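Listed in order, the protein sequences are those of chains A and B. Those letters in the first sequence? Residues 65 to 175, per this note's numbering, in order. Those letters in the second sequence? Residues 996 to 1109, per this note's numbering, in order.
No lab work stands behind these hints: they were computed from the structure. Owing to the predicted nature of the structure, the values given are computational and were not obtained by experimental measurement. In this text, a Cβ means the ideal position worked out from N, Cα and C, and glycines have one as well. Zero decoy hints are in this set.
Residues of chain A clear of chain B, computed beta-carbon distances all greater than 10 Å:
hint, residue
1, S78
2, L83
3, T88
4, K120
5, S122
6, E140
7, S147
8, L171
9, K172
Computed cross-link-like contacts, DSS-like style, restricted to lysine-lysine with a CA-CA straight-line distance of at most 25 Å:
hint, chain 1, residue 1, chain 2, residue 2
10, A, K132, A, K116
11, B, K1052, A, K162
12, B, K1066, A, K162
Chain residues, written in single-letter form:
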Amino acid sequence: GNSVTQMEGPVTLSEEAFLTINCTYTATGYPSLFWYVQYPGEGLQLLLKATKADDKGSNKGFEATYRKETTSFHLEKGSVQVSDSAVYFCALSSGTYKYIFGTGTRLKVLA
Amino acid sequence: NAGVTQTPKFQVLKTGQSMTLQCAQDMNHNSMYWYRQDPGMGLRLIYYSASEGTTDKGEVPNGYNVSRLNKREFSLRLESAAPSQTSVYFCASRPPGTHTDTQYFGPGTRLTVL
Chain A
65 GNSVTQMEGP VTLSEEAFLT INCTYTATGY PSLFWYVQYP GEGLQLLLKA
115 TKADDKGSNK GFEATYRKET TSFHLEKGSV QVSDSAVYFC ALSSGTYKYI
165 FGTGTRLKVL A
Chain B
996 NAGVTQTPKF QVLKTGQSMT LQCAQDMNHN SMYWYRQDPG MGLRLIYYSA
1046 SEGTTDKGEV PNGYNVSRLN KREFSLRLES AAPSQTSVYF CASRPPGTHT
1096 DTQYFGPGTR LTVL
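Build the full structure now, drawing on both the sequences and the hints.
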């Protein structure tokens, strides 16, 4: 069946550091891939998405490239800020109404 | 435009009590979902409704029932709450279309069962 695996957290970085959060997936067909962010006490909100191989999603300085050859969708940001502290979820959807979420990675950015 | 709303925000129940979590969306979306979020386990799908009048089980449906009351509203009922149902519950909706579309989430209901 379909699955998403993302790196364990928490990830603690200093402000302006480079961020990578790894996400790999298993899916039949051609899934769409998503990164959602959850700020404390809130629901999830879409950060970025990619719907086909080699697409790059980007938003708020975050980027992720859909790599079919490595079945990956790693999240990157060149310079994190304290306000980026949140939980990040990788997710996929593949031809059905269902979405599969990773377990989430907590990011803490220190000033 | 309120998006997806959920009530209540917080709830404490005793084992065996029942309650209904309410969810409504004003975006004219066809599909609606209920998830639970537990530490270290991400989001797990409880039930979903692809369209008005239909509901289907997700990954963890035991102990829950749902009602798609109309296109806007999708409620989740716990008939006899258990401590294992202590969790944060999220409702989500998705516009009509394909699997490329984004889900929109409500703010969540934090439920504690004693």
